[in-house]
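Here is how the chains run, residue by residue.
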Amino acid sequence: MAFSARDLVQGVLKRDRRSVARLMTAIENEDPESKAAVSELYSHTGNAYTVGVTGPPGSGKSTLIGQLAKQYRKHETRVGIIAVDPSSPFTGGALLGDRIRMQELSTDEGVFVRSMATRGSLGGLARSTSELVNVLDAFGCDIIFVETVGAGQSEVDVMRLADTVVLVLAPGLGDDIQAIKAGIMEIGDIIVVNKADRENAERTVLEIMSALELDTEQKKWSPPIVRTIATSNEGIEKLVEKLEEHKCFLKEAGMGRRRIKGGIQLVEALKVRLAETVIADLRNDPDFENMIEKIARRELNPYEAAITLVNKIVGKT
Amino acid sequence: MEVIYTGLRQTPEQIVEAAMQEDVDVLCLSILSGAHMTLLPEIVDLMKRRSLDDVLVIAGGIIPDEDVPKLKEMGIAEVFGPGTPTHVTVDYIKSNLRRKL
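Chains as they are written, first to last, in our numbering: chain A, 4 to 320; chain B, 74 to 174.
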C-alpha cells in the first residue's frame with residue numbers, strides 16, 4: 004500500500020477526502036493493512052444514521068437518493084452515499100452507473116459518493132460495504148445512504164446494515180405483485196411509490212396497502228407509504244419527514260437494533276477470521292488432502308468431513 | 074475492470090471530484106463537442122493540482138488527428154478515435170497503468 008494505514012486513518016479523522024477514497028480502495032481490495040485501519044476507526048463510528056435504499060431496477064433509487072441528499076444538504080447535514088451495482092459473474096467486471104443521477108453532488112463538499120461492485124457477494128451488498136459505511140461514519144457523515152442492487156428477494160443484507168430501510172417501487176414495472184409475493188414488504192420500514200405520476204400508481208399503492216395488511220405480526224412501526232416523483236423533486240420533503248420519524252422511533256426503542264447489528268457484525272467478522280486462520284491451517288494438514296481424495300471418489304461426503312474436522316479443531320473426539 | 078460511468082455534460086470540476094472520490098486508476102474522457110483543446114487540458118491541470126497525477130488519463134471521441142500530439146504534450150496519455158476496437162484500449166490500459174495494483 005502506497006500510504007500507510009496509520010496515515011489514512013489520521014486523514015479520515017481530519018476529514019481529508021482523498022484519505023477516505025484511498026482507504027475505501029484498500030478495504031475493497033482486502034489489503035491486509037486496511038484491517039488495522041478499520042479496527043482503529045471503529046471507536047470513531049456510531050454518529051451516522053444509515054438508510055438502506057432497495058428495490059427493483061428502474062424504480063428510481065439513484066435519482067431518489069440524489070434528491071434526498073440535496074434536501075438534507077439544505078440543513079447542512081453531511082451526507083455519504085454508497086451505490087452498489089452487480090459484478091459480472093463471468094468476467095468479474097462491473098459497470099457502475101449510479102453517479103449519473105448524482106452529478107451535481109460531486110462538487111458539494113458536504114457530500115461523498117462512492118460506487119462499489121458486489122465482486123461476487125450475493126444479498127445485494129458488497130462484502131466490504133459495512134466497512135465503507137464505517138469509514139464514512141468516522142469521516143463525519145451524519146447520514147449515509149446505501150443503495151443496493153435491487154433484484155427482489157435477496158436484499159436482506161441491507162436490513163442488517165441499515166437503521167432504516169426504504170423500499171422503492173414504481174408502478175408498471177410488473178414487479179408490484181412480485182414484491183408482495185416475495186415477502187419483500189417485510190424489508191421496508193418506509194415504502195416509496197416513485198414515478199407516482201404514472202397511470203397505475205394508485206393501484207400500486209392499494210396493492211401495497213393490502214399486502215401490508217396481510218402481515219399479521221403485531222409491529223410497533225407500520226411502514227408508511229410515500230408517493231414521490233423523484234425527477235421533479237415531489238414527495239421528497241414528505242419522505243424526509245418519515246425518515247426522521249423512524250429515526251425517532253428507533254431512538255425510543257432503545258439499543259435493540261444497535262445490539263442486533265453489533266451481533267451480526269461480530270459474527271461476520273468471526274467468520275472471516277475463522278476462514279483465514281483455521282481453514283488456512285487445515286490446508287497444510289495431510290488429513291485435509293486425504294479427505295478431498297475420498298470425497299472425489301465418493302467414499303466420504305463433505306458434510307461428515309466438515310463435522311470431523313471441526314470436532315478435531317475444538318478438541319472433541 | 075470496474076467502470077464508473079458518470080454521464081454526459083459534466084464540468085471539469087465534477088469529473089475530477091468524482092475521479093478522486095472513486096479513487097480511480099484510469100480516467101477516460103469521451104468528448105464529441107469539439108471543445109477538447111480547452112476542456113481536456115483543464116481536466117489534466119485540475120488532476121495535477123489535486124495530486125491525482127498517478128491516474129492514467131486517456132481520451133476518445135471526435136478528436137482530429139492533428140490535435141493528438143498537442144494533447145499528449147499536455148498530459149493525455151493516449152487518444153482512441155471512433156472505431157477503435159475495445160481490446161486495443163484495454164491492452165493499452167493494462168500496459169500503461171501508473172499505479173501499482
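Hints should not be assumed to be uniformly reliable.
[Unchecked claim] Taking CB as the label site, the calculated pair distances span:
no., chain 1, residue 1, chain 2, residue 2, range
1, B, G134, A, S213, 49 to 59 Å
2, A, E248, B, K167, 33 to 43 Å
3, B, G148, A, A283, 28 to 38 Å
4, A, E237, B, G134, 30 to 40 Å
In short, the hints are calculated from the structure, not lab data. From the three backbone atoms N, C-alpha and C, an ideal C-beta is built for every residue, glycine too.
Now for the hints, and whether the structure bears them out:
In this structure the hint that G134 of chain B and S213 of chain A lie 49 to 59 Å apart at CB holds, the actual value being about 51 Å. The beta-carbon spacing between E248 of chain A and K167 of chain B, approximately 51 Å, falls outside the hinted interval of 33 to 43 Å. In this structure the hint that G148 of chain B and A283 of chain A lie 28 to 38 Å apart at CB is violated, the actual value being about 45 Å. Range check, E237 of chain A to G134 of chain B: Cβ separation about 36 Å, and the 30 to 40 Å hint holds.
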